[in-house]
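Letter 81 of the sequence shown, counting from 1, is numbered 81 in full-length UniProt numbering, and no numbers are missing.
Just so you know, these hints were derived from the structure itself, not from any lab. Among the hints, erroneous ones may be present.
Said to hold, decoys possible - No more than 30 Å apart at the CA atoms, straight line, and that leaves these computed lysine-lysine pairs for DSS-like:
hint : residue 1 : residue 2
1    : K102      : K147
2    : K102      : K51
3    : K107      : K83
4    : K33       : K206
5    : K101      : K138
Unchecked claim - Computed spacing ranges between beta-carbons, pair by pair:
hint : residue 1 : residue 2 : range
6    : E186      : E100      : 21 to 31 Å
7    : I31       : E110      : 28 to 38 Å
8    : A15       : R113      : 22 to 32 Å
9    : S171      : T225      : 31 to 41 Å
10   : K51       : D82       : 17 to 27 Å
Don't be surprised by glycine CBs; every beta carbon is placed ideally from N, CA and C.
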Amino acid sequence: MKPTILFIHGFGEDAQIWDDFLPNFSWDWDIEKIDYSAWTDCSSIAEYADKIVKELNQGPYYLVGHSMGGYIALELASKYSDKILKVAMVNSTAKADTDEKKVQRAKTAELLRKHGTSVFIRTFLPNMFAESKRDELKGLIDILINKYQELSNEALARATESMSVRADFQSFLQETSIPFLFIAGEEDSFFTIDSILEYLQFPGSKHSLVSLPIVGHHATYEAPTAVHYLLEEFFNQ
1 MKPTILFIHG FGEDAQIWDD FLPNFSWDWD IEKIDYSAWT DCSSIAEYAD
51 KIVKELNQGP YYLVGHSMGG YIALELASKY SDKILKVAMV NSTAKADTDE
101 KKVQRAKTAE LLRKHGTSVF IRTFLPNMFA ESKRDELKGL IDILINKYQE
151 LSNEALARAT ESMSVRADFQ SFLQETSIPF LFIAGEEDSF FTIDSILEYL
201 QFPGSKHSLV SLPIVGHHAT YEAPTAVHYL LEEFFNQ
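Can you make the complete structure from the sequences, with help from the hints?
In structure tokens:
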């Protein structure tokens, strides 16, 4: 059976991000999207994965996860490997949060519950783009801010807390037979290229990393043609 590509959006957005990307290209596979942006009943990334898998058919699947969507993709690959053939991590990492990051997440969850989504999104969303291109992309950033400031603040707070307690998957990547592609931005303010390379460079690794210049944390917006090409190449291998 031919695989289906499942696209999993990230934190602070919903499945509409793929509507701005997918129609611009032709795809050789069926496409599915998941939208967890309004969920308030998950307290861990594993719970998001368990809830998502109930909505899927028997597979097989290729996964594309952006940011938090990558964390969910890792959980799906580790727990439901019979369904998953390949995983593309777009602006995401296999590392768990540091203690410092966990403190920051707790403050974010508190801010969301106290002040609502709009205040948070207006500060958070511009940081998802390469600093060198923020002025050029201001129109797009403003559109996305207006779109996502309506997201549920409680759903975002729950997502924040779930990311804080997520598992570390560096060892899993050394053990799994599922190939992973990491698509990273050289100007990503959340993850450095070196921090990803640390756990991908080991004997016999089937995983790969591609670094995109002048790209921040939103590669499908900042370099859509490159992302499409990389996904096509990866899934056709």
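Going through the hints against the structure:
Between K102 and K147, the direct Cα distance comes to roughly 27 Å. Compliance with the 30 Å bound is thereby established for this hinted pair. Restraint check: the Cα-Cα separation between K102 and K51 comes to about 24 Å, which is no more than 30 Å; the hinted pair holds. With a C-alpha separation of about 36 Å, the suggested pair K107 and K83 falls outside the 30 Å cut-off, and the hint is violated. Taken as a hint, the K33 and K206 pair is honoured in the structure, with Cα atoms around 26 Å apart against an allowance of 30 Å.
For the proposed pair K101 and K138, the alpha carbon gap of about 28 Å is at most 30 Å, so the pair holds. The hinted range of 21 to 31 Å is satisfied by E186 and E100, whose Cβ atoms lie roughly 23 Å apart. Between I31 and E110 the beta carbons are some 37 Å apart, a value that agrees with the proposed interval 28 to 38 Å. Between A15 and R113 the beta carbon distance is about 24 Å. The supplied range of 22 to 32 Å therefore holds.
Between S171 and T225 the CB atoms are about 34 Å apart, so this pair conforms to the stated range of 31 to 41 Å. Between K51 and D82 the CB atoms are about 18 Å apart, so this pair conforms to the stated range of 17 to 27 Å.
Consistency with the previously given hints fails for number 3 only.
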